[in-house]
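S.K.: Chains A and B, in that order, give the protein sequences. Counting along the first sequence from 1, when you hit position 39 you're at 39 in our numbering, and nothing is skipped either side. To convert a position in the second sequence, counted from 1, into our numbering, add 1000.
Simulated from the structure, these hints should not be mistaken for lab results. Be careful, since some hints might not be right.
As the list claims (entries may be wrong) - Covered stretches of chain B, as calculated for chain A (at least 3 residues, CB under 8 Å): (1) 1025–1031; (2) 1050–1057; (3) 1068–1081; (4) 1112–1121; (5) 1124–1132.
For each residue, glycine too, the CB sits at the ideal point set by N, CA and C.
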Amino acid sequence: MTRRLRVLYFAWLREKTGTRMQEIDLPADITTPRALAMHLASLSAGHKAAFENLARIKLAINQQHAGLDDPLTDAHEIAFFPPVTGG
Amino acid sequence: MAHIKIQEEPFDQAAEEARLRNGRSDIGAIVTFKGTVRGSEAGGEIAAITLEHYPGMTARELERIATEAEARWPLKGVAIIHRIGRLAAGDDIVLVITASQSRHAAFEAASFLMDWLKTTAPFWKSEETREGTRWVEARASDDDAAARWKR
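With these hints in hand, go ahead and build the complete structure from the sequences.
M.R.: Below, the structure written as structure tokens:
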């Protein structure tokens, strides 16, 4: 059983991965953003560089802030980004 | 209901304050915070910044923090306007306006809104320097400022 998931990247994660958005089939054994990040890191050298240090990365599930070990159960969109710097 | 806008174009502070006042006579205090682009950072010159954001999430997140402010203080009105795109040194970036019956609530709510906006609203700045363009790093002092409001 796989599920479609939209993955978004912002700021230097967008630059390193070379993509703003990609759709992936979420493997059933990936249940957290942490596991997903490790899976995404294997996609390209750019992705590997982007996910090199998870401590520098924040994320949102379905457009709400979430943590690396939160469940992906109801996720249809996930975004990875650096700590925010607006204002 | 807060007035939230994310836009490339400049904002008109007087017009936004007038919109918030909207002929009401129960407002005794309006606090306006305006953030602008600094022309230097750690001694280095900054020509401009570019603001990227997460369309879809940004307005929702700003509404969330405005709702939180309205729950904590007796506010008569809240406006948050944030610009995106390329902004030159000296340009306005963000406008936060709070209106209340008296000043304490308006001051505190405006401070709270900016502290939370800086640590939760999905915006990212890059800076144009003499050496090239670089992403702005989040500051621990902003996290500390936001933590003051935890409860």
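S.K.: Under the constraints set out in the numbered hints, which ones does this structure not fulfil?
M.R.: Hints 1 and 3 contradicted; others consistent.
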